[in-house]
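Model the placement of chains X and U on the given structure of chain A, informed by the hints.
Protein chains in written order, with my numbering: chain A, 1 to 410; chain X, 1 to 240; chain U, 1 to 438.
Quick caveat, the hints were computed from the structure, so don't treat them as lab data.
Among these hints, one or two may not hold up.
Claimed, not checked - Here chain X is said to cover these stretches of chain U; the calculated rule only asks that three of the stretch's residues, wherever they fall, bring their Cβ under 8 Å from a Cβ of chain X:
| id | segment |
| --- | --- |
| 1 | 6-19 |
| 2 | 336-347 |
| 3 | 352-366 |
Unchecked claim - Residues of chain X clear of chain U, computed beta-carbon distances all greater than 10 Å:
| id | residue |
| --- | --- |
| 4 | 66 |
| 5 | 94 |
| 6 | 188 |
Unchecked claim - Derived BS3-like pairs (lysine-lysine); straight-line CA-CA distance at most 27 Å:
| id | chain 1 | residue 1 | chain 2 | residue 2 |
| --- | --- | --- | --- | --- |
| 7 | A | 117 | U | 353 |
| 8 | X | 114 | U | 353 |
| 9 | A | 15 | A | 5 |
| 10 | A | 280 | U | 303 |
| 11 | A | 183 | A | 138 |
| 12 | A | 183 | U | 235 |
| 13 | U | 303 | A | 173 |
| 14 | U | 353 | X | 119 |
| 15 | A | 317 | U | 16 |
| 16 | U | 303 | A | 15 |
| 17 | X | 119 | U | 16 |
In this text, a Cβ means the ideal position worked out from N, Cα and C, and glycines have one as well.
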Amino acid sequence: MLQIKPILVALKRHKAGTLLIALQIALTLAIVCNALFIIQQRLDRIARPTGLDETNLLTIQNRWVGVDDEKTGSLVRADVQAIRELPGVEDAISINSYPLRGGGWLTGVRTNPDAKKSETHTTQYFVDDHALATMGVKLVAGRNFRSDEITEIDPKAVVSAPQIIVTKTLADKLFPDGSALGKVVYVDDGTQPSTIIGIVERLGGPWNSTWSDTFLDNAVLEPYQLTGGGTSYMIRSKPGQLAAVTRSVPEALYKLNRMRVIPSERGVRTYDVVRSQAYKSDRGMAILMGVVCLVLLGITAAGIVGLTSFWVGQRRKQIGVRRALGATQRDILSYFLTENLLIGIGGVVVGALLAIGMNLWLVTQFEMARLSLLYVLAGVVALLLLGQGAVLAPAMRASRVPPVEATRSV
Amino acid sequence: MLKMTHLSKVYRTEVVETYALRDFNINVNEGEFVAVTGPSGSGKTTFLTIAGLLETFTGGQYHLDGVEVSNLNDNERSRIRNEKIGFIFQAFNLIPDLNVFDNVEVPLRYRGMKAAERKERIMNALERVGLASRAKHYPAELSGGQQQRVAIARALAGSPRLLLADEPTGNLDTQMARGVMELLEEIHREGATIVMVTHDPELAARAQRNVHIIDGQVVDLAEDPRFHHAVTSARANTTA
Amino acid sequence: MMFAYYFQLGLRSLRKNPLLTALMVMAIGCGVAASMTTYSVFRATSNNPIPGKSSQLYVPLIDNWGPEDAAQNKGEPPDAMSYTDAMALMRDHRARRQTALYPVAPSVIPADASMLPVRESSYAVYADAFPMFDVPFLYGGGWQASDDAAHAPVVVIGRALNDKLFRGVNSVGREINLDGRNYRITGVMDTWDPQPLFFDPVNTSGFGDPVQLFIPFTRAIDLKMATNGNNNCNKHSGEGWDAWIRSDCVWIEYWAELPSVAEANAFRQYLHGYAAEQQRSGRFTWAPNVRLYDVPQWLEHEKVVPQEAKVSLLVSLGFLLICLVNTVGLLLAKFMRRAPEIGVRRALGASRKEIYAQFLIEAGTVGLVGGVVGLLLTGVGVFGVTLVFDPDIARLATLNGSLIALTLLVAVLATVLAAFYPTWRAAQVQPAWQLKSN
Chain A
1 MLQIKPILVA LKRHKAGTLL IALQIALTLA IVCNALFIIQ QRLDRIARPT
51 GLDETNLLTI QNRWVGVDDE KTGSLVRADV QAIRELPGVE DAISINSYPL
101 RGGGWLTGVR TNPDAKKSET HTTQYFVDDH ALATMGVKLV AGRNFRSDEI
151 TEIDPKAVVS APQIIVTKTL ADKLFPDGSA LGKVVYVDDG TQPSTIIGIV
201 ERLGGPWNST WSDTFLDNAV LEPYQLTGGG TSYMIRSKPG QLAAVTRSVP
251 EALYKLNRMR VIPSERGVRT YDVVRSQAYK SDRGMAILMG VVCLVLLGIT
301 AAGIVGLTSF WVGQRRKQIG VRRALGATQR DILSYFLTEN LLIGIGGVVV
351 GALLAIGMNL WLVTQFEMAR LSLLYVLAGV VALLLLGQGA VLAPAMRASR
401 VPPVEATRSV
Chain X
1 MLKMTHLSKV YRTEVVETYA LRDFNINVNE GEFVAVTGPS GSGKTTFLTI
51 AGLLETFTGG QYHLDGVEVS NLNDNERSRI RNEKIGFIFQ AFNLIPDLNV
101 FDNVEVPLRY RGMKAAERKE RIMNALERVG LASRAKHYPA ELSGGQQQRV
151 AIARALAGSP RLLLADEPTG NLDTQMARGV MELLEEIHRE GATIVMVTHD
201 PELAARAQRN VHIIDGQVVD LAEDPRFHHA VTSARANTTA
Chain U
1 MMFAYYFQLG LRSLRKNPLL TALMVMAIGC GVAASMTTYS VFRATSNNPI
51 PGKSSQLYVP LIDNWGPEDA AQNKGEPPDA MSYTDAMALM RDHRARRQTA
101 LYPVAPSVIP ADASMLPVRE SSYAVYADAF PMFDVPFLYG GGWQASDDAA
151 HAPVVVIGRA LNDKLFRGVN SVGREINLDG RNYRITGVMD TWDPQPLFFD
201 PVNTSGFGDP VQLFIPFTRA IDLKMATNGN NNCNKHSGEG WDAWIRSDCV
251 WIEYWAELPS VAEANAFRQY LHGYAAEQQR SGRFTWAPNV RLYDVPQWLE
301 HEKVVPQEAK VSLLVSLGFL LICLVNTVGL LLAKFMRRAP EIGVRRALGA
351 SRKEIYAQFL IEAGTVGLVG GVVGLLLTGV GVFGVTLVFD PDIARLATLN
401 GSLIALTLLV AVLATVLAAF YPTWRAAQVQ PAWQLKSN
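Just chain A, same shape as in the assembly (with noise of 0.2 Å):
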């Protein structure tokens, strides 16, 4: 460290190659902050949870063929009586849509009839009584619905039913006082009172995507099941039987009844399938930033090395002559370490500015979230660290140059 002022001095004589490390190092920090952050914002998407118990699951999406819209009540029945004597089978139900299924519905939620505004927006799951059990979804107070309760419905015909189960984060939202079990609220924009008879842990909505994120665990069970050209079924299989459920169940349906469209793509996925597919995009961009991220670091390092292990052959006689002086290999190692760290600190100061720079032009353009400082802090230090690992090899090579160099010409 006594040497800084003449590394200053030298430096200043090797002005553009020092410039060119100095914005790489700055460029790249720039950039591997903003990739890294990007990353982390996917992966937490990523792990969200849906509230379903996800292993044994199978989805199977339906059109009916040939049938008015009015008439596909019993057929729907009898497929779900179906599915549910299936040998692996464990329960199964038919619902308008589920978590990461990417179309639902959606709805204004209030507490008072009268307010022009609803409170917040909710999903709209149309289920039965075997709604929990076949999801898996814990319920956290009150009760499940009851057979009874269930009734069919024309889907232009909904009102909000008189009983729904919500999610906890929907009732916090609507009593903050954790009293909504029992109360009375206002689904569907109508002045149809729904009575809140069971509060479940957690259930996501069918989106994914980043407009739904201030509701995404707001949800509303209502014991309906709609009529109408198309319906989802979800399946949950007996553990271990996932896979032979997910061939008998079509070939099942379609032996029940051929006048029926079950989609080649995305007809009959298991909810592995469902996940990886709702999230493909988001995990593909965390893999993008990666390999960016890692080519990117590989690139400035290499290029360290290439400029470091120049600047070392111009100076192999300079350095001899220090050698011949008295400098031990030690003295050399730590001079170009010392170097490099101080157009690395030159760099990151820069870099930090454009990491912080380039988020905030992000967030204007795009929906991004503000970037964590902690991320602009590990960038420097990875970066610094970087420098420092590229340097080393050329700055060894330096160190072993023999005192004789001094008295060789050329």
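The following block gives chains X and U in isolation, referenced to the frame of chain A:
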């Protein structure tokens, strides 16, 4: 052929001005073989680089082949170097990445010569220095003397009128040095003008005329008692 | 001639410092590949799907929900229309051509009883849609306006569906069964796959499988076919189909063909007048809030280019920039290491210009090799695009001729650009200093 009058060259740094050449006068005639001698730091290499248009000068005049060169631009200077001047350096200065043939070819390329003519000239030049069989070798595969002969072939290939040599034998042992020197003399006999910088009095004595530089100025050795003895002893050596 | 010489020298120099060369080539290759891969996605998603007519086709929007709801969407009207407004505009018929449209989900029941019913991407449209959207036909054509008026059971099918059902023969005039009802085929479309799917980004997010089935809008309404896309309501629509149709729920896309600026302006006036009329009649309690977007504006409004495509393109451009800074440094090292050679060349008659030419061409050679490596990596990258993007989008990102040319061009240009400073430094080398035998 080469005429410098009141020429000066000043190197400026932030702190000092150093005169490398001061009121420097020299006249080399067509077909002459002149040796320029002087102690190290006297300015003889500076003289050579200015003569070869590798460097500009600060004041005075320099006529090369009748042309005043101080107002020429980079392109024109490059053209003159390429067509009229051949260089031979102490360190040979062959391009290590190119083989013998390609090294000799460099100046011909810049002259924009057709491939067939280039090849003929290159082979002729290599023939003259006795290295035609080594055309595909790389400089690192040759001895010092061979390398210098390649450098001479390179200088000769373009048929320059003026050959500038800077300590051409400085990096060679006596045996090789003699061969190189004989080659230069042969080239001179064929009509080229040669200016050779050397600190070796024995070598200098083999030239037609000696010019001595001290502190950036040409001095007449005969009139300077300080060097009288050295010169006479050098002459004695050559006659011996 | 000198170009060939310098190119040859450049190639030779690549072999000279293999490590340094490899570093540069990899840096350029990675940078270019990342940029080109993400650009291929960006290009596909920001493509103009109907270049000849993109400034003649317009989407009108009418605010039928009022300022309170619009405020949640930066003052924009809903991005679809209610049945009431769509029908009013169709009746007024103010554009050269117009169509209301919405996605439907009929199932095709094959005549061959051994085949299972299938569902294809289907839309309910008016007859004008076919000439408006430049739909190409293999056989026959669209139906007539009289079919719209008659609510006729007619259908236009896609080439793929025709291949499936009729083994590719001309099926015009034959019938197909949709949900148990027969429809007469008036035309078979040739392959038609505009990307983005400009006429319905609201329900497809801009990308999806090619449409294989069109039926008359009027017929679909008669059969009470609900939309297979989004249905947005700002209040409860009431019970049943009729209440829904009369409600302010929005679920219809509307398109108008307005070939001249004057016609577009006139239509805008008309829209404003229509909304003002609704206000006068008491249906709207707010001032007219209408929009008229052409195709590019509409795709922009619907944010068809995915956020991932933009962010990753930006990040890769930053990546390329860093690779170039890196290349500047490495080229500087490579060139300055050859200062003695430069000195010799200068002494032997090379002018500064020739030094420039030699080193820029040498850099171009490095760039070219980097471009070839970049091309291979872009191939890998385009393949890897399926990781990040929807299959619907990923299939659009392809390594075609223009992308190959662009990859090489960007690699060479970028490297030559990066070489300017190192080359300038090389040309500044003082021959006299290099040649002095110290």
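Here is how each hint holds up against the structure:
1. 6-19: Satisfied; 3 residues make the cut.
2. 336-347: holds (count 7)
3. 352-366: holds (count 3)
4. 66: Fine: 19 Å to the nearest Cβ keeps residue 66 of chain X off the interface.
5. 94: The claim breaks: residue 94 of chain X does not keep its Cβ more than 10 Å from every Cβ of chain U (closest is about 8 Å).
6. 188: Answer for residue 188 of chain X: holds, closest chain U Cβ roughly 21 Å.
7. A:117 to U:353: Answer violated: residue 117 of chain A to residue 353 of chain U is near 74 Å, above 27 Å.
8. X:114 to U:353: 21 Å, holds
9. A:15 to A:5: Cα-Cα ~15 Å, so holds.
10. A:280 to U:303: Holds: residue 280 of chain A and residue 303 of chain U sit about 19 Å apart, inside 27 Å.
11. A:183 to A:138: The given pair, whose Cα atoms are some 20 Å apart, holds under the 27 Å limit.
12. A:183 to U:235: With Cα atoms ~23 Å apart, residue 183 of chain A and residue 235 of chain U stay inside 27 Å; holds.
13. U:303 to A:173: The hint is violated at about 31 Å.
14. U:353 to X:119: Cα-Cα ~25 Å, so holds.
15. A:317 to U:16: Judged against 27 Å, a Cα distance of about 23 Å means the pair holds.
16. U:303 to A:15: Distance ~45 Å between residue 303 of chain U and residue 15 of chain A Cα, so the pair is violated.
17. X:119 to U:16: 25 Å, holds
In summary, the structure is inconsistent with hints 5, 7, 13, 16 from the numbered list given earlier, while agreeing with the others.
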